[in-house]
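These two chains come separately, so use the hints to put the complex back together.
Taken in order, these protein sequences are the chains called A and B. Per our numbering, the first sequence starts with residue 49, numbered consecutively. Per our numbering, the second sequence starts with residue 68, numbered consecutively.
These are calculated hints, taken from the structure and not from any lab test. As the structure is a computational prediction, the values presented were derived from the model and not from experiment. None of the hints are false.
Which residues of chain B face chain A? A partial, calculated answer using Cβ under 7 Å:
id: 1; residue: R90
id: 2; residue: M94
id: 3; residue: N153
id: 4; residue: S155
id: 5; residue: E156
id: 6; residue: M159
id: 7; residue: M173
id: 8; residue: A177
id: 9; residue: M180
id: 10; residue: V181
id: 11; residue: L184
id: 12; residue: D185
Now the in silico label distances, taken between C-beta atoms and shown as ranges:
id: 13; chain 1: B; residue 1: S123; chain 2: A; residue 2: L149; range: 32 to 40 Å
id: 14; chain 1: B; residue 1: H129; chain 2: A; residue 2: D410; range: 48 to 56 Å
id: 15; chain 1: B; residue 1: E118; chain 2: A; residue 2: D367; range: 54 to 62 Å
id: 16; chain 1: B; residue 1: A126; chain 2: A; residue 2: G467; range: 50 to 58 Å
id: 17; chain 1: B; residue 1: A166; chain 2: A; residue 2: S313; range: 51 to 59 Å
id: 18; chain 1: A; residue 1: D182; chain 2: B; residue 2: N88; range: 35 to 43 Å
id: 19; chain 1: A; residue 1: E148; chain 2: B; residue 2: M68; range: 29 to 37 Å
id: 20; chain 1: A; residue 1: D182; chain 2: B; residue 2: H129; range: 32 to 40 Å
Derived list of chain A stretches under chain B, where covered just means 3 residues or more per stretch with a C-beta under 8 Å from a C-beta of chain B:
id: 21; segment: 150–162
id: 22; segment: 244–257
Each residue gets a CB set at the ideal place from its N, CA and C atoms; glycine is no exception.
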Amino acid sequence: MAELERECEVVVVGAGYSGLAAARDLARSAVDVLVLDARHRVGGRSFTDVTPAGFTIDRGGQWIGPTQDHLAALAAELGVGTFPTYTTGQGVELRDGRRELYVGLIPTSDPHGAADGIAAMLDLDLAAFEVPLDAPWEAPDAAALDAQTLATWFDAHLGSASARAILEVAVKAVFGTGSGELSLLFALFYLHAGGGLTNLARSTGGAQERRFAGGSQQLAQGMADELGDRVILGAPAESVAHGPDGVLVGGRLVDPGADPADPSSAHRPLRVRARRAIFAMAPGLCGRLAYTPALPGRRDQLCQRMPMGAVTKVHVNYDAPFWREDGLNGQIVAPGAAMSATFDNSPEDGSHGEIVGFIAGDECRRLEGAGAEVRRELVLADLERAFGPRARTPVEVVEQHWLAEPFTRGGPVAVSSPGALTALGPALREPVGPLHWAGTETATEWCGYLDGALSSGRRAADEVLRALKGEPGGLD
Amino acid sequence: MASTEELLEAYTEWRARSNANPRLTKMLKGWDRVIHFTTTDTGQGYTMRVEGQQLSELAVGHEGQPDVVVTGTSEDFCDMYWGDLNPSEKYMSGEITLAGSQQDVMRIDAISMVAFLDI
Chain A
49 MAELERECEV
59 VVVGAGYSGL
69 AAARDLARSA
79 VDVLVLDARH
89 RVGGRSFTDV
99 TPAGFTIDRG
109 GQWIGPTQDH
119 LAALAAELGV
129 GTFPTYTTGQ
139 GVELRDGRRE
149 LYVGLIPTSD
159 PHGAADGIAA
169 MLDLDLAAFE
179 VPLDAPWEAP
189 DAAALDAQTL
199 ATWFDAHLGS
209 ASARAILEVA
219 VKAVFGTGSG
229 ELSLLFALFY
239 LHAGGGLTNL
249 ARSTGGAQER
259 RFAGGSQQLA
269 QGMADELGDR
279 VILGAPAESV
289 AHGPDGVLVG
299 GRLVDPGADP
309 ADPSSAHRPL
319 RVRARRAIFA
329 MAPGLCGRLA
339 YTPALPGRRD
349 QLCQRMPMGA
359 VTKVHVNYDA
369 PFWREDGLNG
379 QIVAPGAAMS
389 ATFDNSPEDG
399 SHGEIVGFIA
409 GDECRRLEGA
419 GAEVRRELVL
429 ADLERAFGPR
439 ARTPVEVVEQ
449 HWLAEPFTRG
459 GPVAVSSPGA
469 LTALGPALRE
479 PVGPLHWAGT
489 ETATEWCGYL
499 DGALSSGRRA
509 ADEVLRALKG
519 EPGGLD
Chain B
68 MASTEELLEA
78 YTEWRARSNA
88 NPRLTKMLKG
98 WDRVIHFTTT
108 DTGQGYTMRV
118 EGQQLSELAV
128 GHEGQPDVVV
138 TGTSEDFCDM
148 YWGDLNPSEK
158 YMSGEITLAG
168 SQQDVMRIDA
178 ISMVAFLDI
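Extracted from the complex, chain B is given alone in its bound form (with noise of 0.2 Å):
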């Protein structure tokens, strides 16, 4: 299991590789939306913001209506942002799921493969 602090240190990471690759900005270009994480094994929320191309700082907790809710564990998200694990795998898995839809789910699929490859 992974804490809050450790799941923003890899997230501040990610965001920060993430929001300095041309490629993936111009995917979130016109995708303004509110995602919300929920870890199964410590059980808690937290809220991405997708505004003007840029990845917003991760907020603890539910925030707003979410567009599209990522759940899975607390351990995966972490090395999912710190580049260590193909998010692609956990999806075929079904170890992390994707509810949205079906065009904000393919979006948030492929820029998180493109995080992952291109950084």
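Isolated chain A, as found in the complex (with noise of 0.2 Å):
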């Protein structure tokens, strides 16, 4: 088929919410933008749908917490009501064949082994809080924590292998990963950004405070909306040609209802011209693309050393949500459990019931290949456990496989190793000459959540405004 050219001043690969908040802020100063994303939707790692039960879920980021001002902004803007996460009751703690109630941030049934936990995250934390959030490479003895991972330091500052175990939950639900693959200098600027690992552990007070009314991709919708037909869907781009004069975008535009990810799916060829480029994706989908000329090595390396967590995050719907009879907040917490983690998803007027669950790090990839009825069963055994009989006869089970999704490659977010920031870090976000690079994993404040993805694209926006004006015929 004939091949599609399309000229603008700025192109945005990626319509996340960082690069819809890009190619906003830049519509809105009158830039010629244009928006692909390989998927036929919006949203990136926000995808809002209705399961096969007719529920709606979010099937990816969905939270709000305090101090999210530019989520809470756009949220505002839009009028997309929020409501709170329920949290009302005692959470279930699952461990060594126990099954024990407990209510607060973290289970008490070893008290001592708690109060050790609580006091390594208040050191965590208080660490955390060292690390310069624009730049933690420059932070003191940044080389010595960068050669580091969390896991060393649990191993040094907590004595009782309960309260590990119970952070180790923690770790994982927020990174995707297990301690032992995170730079502790990472680690630690993650955690800052988000207010401290007791901040992000937290549903009321905290990350997981409130959640969209109708779900969060009508946030990505929104901006989408505003900008039009200058949004392509089923665009995946494929290459990246760039010099002085600006920036060729190569990739494919794949009929409506054919699967993006399959390169023998019917499609024209596309092929976009810019003067600059925002790449608003994670690094490690940044590096799967065809540079010429190839990216400096600085930036590659950065590309390939941070990994993508792992994670599936499982639905459980429910006709009622029971537990709460019970006195249950839906709270579940599992150290070793294929799902170590759940929240009550139920809908805020509470006429279905869902438990929202992580299966995440090496249970992510280790259960991969076992199958959906293998995970199904461990699930609905351990929900059983907690919550009893009936927890055995949902509605219906329905998994996102991030680690799987061709475009997006795990999640929630994109790590870093030990020893790539320090000698990586800048690459972060420093342009490539026409490249700019954006998405939650560049952001300084919420790194890795919906707020950070904001801030992250509207950043970019700034920095290629200001670009655009230093050149000649650039804006005035």
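And the structure:
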């Protein structure tokens, strides 16, 4: 089919929160902008969907908490309401064949272990606040911190095995990895960016405080609606030629209904010529594009050394949130279980029940080949232990296996392995000629979250605007 | 409602146990602060100081410029000082509120939970 050629001032690759926020700022500044996304939908890691049983679920990022001001402002602007995560009652701890109830932030069946865990979280958070958000690689002792993993820090600071098990659950839920995969410097930066591990682990008063009525993808859709036909969907980018004269992004425009991940799908070749480009994706995905000339080694190495976490988000839908009748808040902490952390994710009116949980890190990778039936059995067995026999008979179990998503390749966020930040950190945001980098991984506040995605997009848009103004023929 | 006498009695117990807990005093290192308590039911103010990794006696009334302001019912404060109430539960339900810098709030949250669990 005939090639489709488009020209614009700025091309944005990725129509998640970050790319759309960037494009919207540019369009509002009268810049001619086009947004490409590989999928036939906007939203990226935010994905609201209707299940076979007819329930609306958020398959990806879904929460909003205090100090996520970019996200709150966008929701207010678009008129998308929020409601509090259900937290009334007790949580359930499943461990070593035992079932214990708890209230508050962490399970307390071993009180001294829990105290040890809380003291360690405080130590960790106080250390995190010492790491500068805009340049973690300039932290005092950055090299030493970046040469260790978070696991090393736990080994040195946590005496209690039970506390370690609980904190590993929190780490897995936050990063989608075990503590042994994370550079300590990166982990401290990330915790600082989100107000500390305590804040990230909390519902009320923390990162999981509220949800969006009708789902989080509405915010992406709202931004896309403003951009109108400047957003081109089903358009996977594949190659990037760049130089002083601008950038040429090559890819495919896939027919509606055809699979964009399948190169043999019906498509037209797509070429977009622009003066500047913003790549609003995780570093690992940026690294998969073919650049001419090749990216500087530091940028490419950074892309190689910021792997995605691994997560399967599991939605278990019931006809009612029956656990509430027993005074339970739907939270499970189950060290070592397939799904080690859950929340009550029912709609605001409680018209049906939903437990959402995460199979993360090694469990996610280990169980990937086991099949959905095996995962379903493991999940339902633990839910039955936690909530009783009714948990055995859900209306449906719906998985979102982010690890295998062709245009995400993991989740919830990219992490940094030891040594990468100190050696390569500045390459995270540093433009390469006309190429600019956005995505929540480049955010300095709420990195890894929807809020960070928005602020990163806006930062990249600002960078591009300033660059265009400085160029011959640029903006006034 | 708890009277000031009852509250002071419970606090004195809590303070003695807290100041004798090495994990807790370690968490107070480098954190000298003035903390105001305000009861919502009896409308009474109290002041606690943290100095040199030790908790002071509880003064009746608000003294000095507070770093953290803790608000709740006299009953909940009493129960917390007696060790019968997990303060974390009350923070999460919003029945006890903490106001101050993020780091100070984080610290008092952690300290009060450790005081509950570890004594």
